[in-house]
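**Q** Listed here are the chains, written in short residue letters.
There are 2 protein chains.
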Amino acid sequence: MKLYDTPLAPNPRRVRWFMAEKGIDDIEVVTLNIMKGEHKTSDYLAKFGLANVPALELDDGTMITESVAICRYLESRYPEPNLFGRTPEEIAVIEMWTRRAEMLVATPLMLGVRHTHPALAALEQQNPAVGEYNRETGMKALKVLDRQLGEHEWLAGDRLTIADILGFVGLDFGRLIKLAPPPELENVCRWHKAMAARPAARAGMPAVAPAA
Amino acid sequence: MKLYDTPLAPNPRRVRWFMAEKGIDDIEVVTLNIMKGEHKTSDYLAKFGLANVPALELDDGTMITESVAICRYLESRYPEPNLFGRTPEEIAVIEMWTRRAEMLVATPLMLGVRHTHPALAALEQQNPAVGEYNRETGMKALKVLDRQLGEHEWLAGDRLTIADILGFVGLDFGRLIKLAPPPELENVCRWHKAMAARPAARAGMPAVAPAA
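From first to last, the protein sequence lines are chains A and B. Here the first sequence is numbered in the numbering used here, starting from 890 and rising by one per residue. Here the second sequence is numbered in the numbering used here, starting from 890 and rising by one per residue.
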């Protein structure tokens, strides 16, 4: 099994975080420099169909992109600690919160960064109106997380799950455009601090955060 | 178990389609009129936290929103025909294609419609630049599906899965702004025709398509 990874981008970080929570350290990791286009070589495209990172190459030749699909596969191979749920009911609630964290917060903030940050102009045909809309939409949706985190310690209930990883990594990527959880969202701030303090928060991250 | 549904919107249609493929007909369905705000009552919001449809209320009191979470739960209760995969490898490939169909095509086209269609102005603070960007992005990404459908009969391989449902429903929602698969994408057109011909395509849909 071989994982294709790249630093700084948010989706690969989800997988590194997930692996760190599980203590997975026996998978070969290939680090790509996406600013140099190492994810756009003909070899890479032939394998995965798209220039997507992260990507997982299985020993049987199966190729998987998409961070959540990769994490769910890793959960089948490394079941503990459980991060996707055990019963059908728990799996459904965790998937609901994973999707809410991703679609309401993480994806909009990621688009907010990609369409407005000068350093990403080389990777993206930027559209500032799209960036602005997504930045606002993502920040507004933090209220949904705040309500949930007022009733539960973690997004999907009483333990950390894949939902928290997606939510935090998305929000933390927003730091590139100087976003931070607003102080009035006290529950989000409490959770944000708890997430940032986990050893997994530093998995594969540069020692010094990039300047915004 | 009680399903909250609404006609015309694309996310509830995914669940109805999924249920029709499985022949599920023993779940109580409550049809909401979202133009009248029936998904925004205090009762509904207290149950599901958000004004989201579809939503599933389980007998044990668990409340699930998010179409894919609902479908995955239904798969656990009604396993055949299998639409999410059986082995971890197959589950991963199906999830990869489900996410590609959703994030590259269905979500952008849905945003394209929501931000530009006059009939939806009452539901949405429309941003035409965001609508235009998403419409273009979603249509461009059909090429990714076309390449895959040139090698496989269905999006995730040799049988219909949840990935096909998300892809088709997203594309079909685009009809509201007169979008259709471009003829030069022959594989998408072949697949589109096969999907449209399935009995599940008409599950819970009005007899006459709404005028664009």
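For the record, the hints were derived by calculation from the structure and aren't laboratory data. Treat the hints with caution; some may be incorrect.
Because identical chains share one entry, a pair is satisfied inside a single copy or across any pair of copies.
To be verified - In silico BS3-like links for lysine-lysine, alpha-carbon gap of 30 Å or less:
hint: 1; residue 1: K925; residue 2: K891
hint: 2; residue 1: K1067; residue 2: K891
hint: 3; residue 1: K1082; residue 2: K911
hint: 4; residue 1: K936; residue 2: K1082
hint: 5; residue 1: K1032; residue 2: K1082
hint: 6; residue 1: K891; residue 2: K1032
hint: 7; residue 1: K936; residue 2: K911
hint: 8; residue 1: K1067; residue 2: K936
hint: 9; residue 1: K1082; residue 2: K925
hint: 10; residue 1: K925; residue 2: K1067
hint: 11; residue 1: K1082; residue 2: K929
hint: 12; residue 1: K1032; residue 2: K936
hint: 13; residue 1: K929; residue 2: K1029
hint: 14; residue 1: K936; residue 2: K891
hint: 15; residue 1: K911; residue 2: K891
hint: 16; residue 1: K1032; residue 2: K1067
hint: 17; residue 1: K1029; residue 2: K1082
hint: 18; residue 1: K929; residue 2: K891
**Q** Looking back at the hints listed earlier, which ones does the structure fail to meet?
**A** Numbers 2, 8, 9, 11 - these are the hints that the structure violates, sorted from lowest upward.
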